[in-house]
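**Q** Sequence:
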Amino acid sequence: MLEKVNVSETTILAKYQAELSSLKAQLVSLTQSQSQSSSADATGGSGGSSEKRLKEEVQRLSETVEDLNAEIEDLKAQELKLRDAFLSDLAQLNQLNSALKERHSLNSMWFKLQGQIGHT
Numbered sequence: 001m002l003e004k005v006n007v008s009e010t011t012i013l014a015k016y017q018a019e020l021s022s023l024k025a026q027l028v029s030l031t032q033s034q035s036q037s038s039s040a041d042a043t044g045g046s047g048g049s050s051e052k053r054l055k056e057e058v059q060r061l062s063e064t065v066e067d068l069n070a071e072i073e074d075l076k077a078q079e080l081k082l083r084d085a086f087l088s089d090l091a092q093l094n095q096l097n098s099a100l101k102e103r104h105s106l107n108s109m110w111f112k113l114q115g116q117i118g119h120t
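In UniProt numbering, the protein residues as written are 1 to 120.
Calculated directly from the structure, the hints in this document are not laboratory data. Each hint should be verified, as a subset may be incorrect.
Okay, the calculated beta carbon distance ranges per label pair [stated by the list, open to error]:
(1) 19 x 50: 21 to 31 Å
(2) 70 x 50: 28 to 38 Å
(3) 86 x 22: 25 to 35 Å
(4) 78 x 36: 34 to 44 Å
Even for Gly, the Cβ is constructed at its ideal location relative to N, Cα and C.
Generate the whole structure from the sequences, applying the supplied hints.
**A** This is the structure we're talking about:
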């Protein structure tokens, strides 16, 4: 069950990181377009409304990038908690396994002794 959760979280994390990279690339592209548009405006080109639209798009993408970064951090924290819980469960299972092995060893010795007593 924990393996499925870790795989699922890793997949989600990878998806968000890919989306974040894509949005960053879009943001860079829009920022470059905006600076080129500003240059065109400064040289007498039209495009005041396109500049405003680009600024709004850049702002929207910046906010989306921030949101995705926050989600990634939350997922990383959640993954660490799940790892800690898994390691704790694993340590407990190891202790129980050791106790079981010891009990099995004692049972084996007891049966051997019973067998030796029965043969004499």
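**Q** Determine whether the Cβ-Cβ distance between residue 19 and residue 50 falls within the hinted range of 21 to 31 Å.
**A** Holds - the Cβ-Cβ distance for residue 19 and residue 50, about 26 Å, lies within 21 to 31 Å.
**Q** Starting from the hint 28 to 38 Å, judge whether the C-beta atoms of residue 70 and residue 50 obey it.
**A** With Cβ atoms ~30 Å apart, the hint holds.
**Q** Given the hint of 25 to 35 Å, check if residue 86 and residue 22 actually sit that far apart at their C-beta atoms.
**A** 31 Å, holds
**Q** With 34 to 44 Å as the target window, see if residue 78 and residue 36 comply at their CB atoms.
**A** 41 Å, holds
Going down the numbered hints, you'll see the structure goes against none, and every one checks out.
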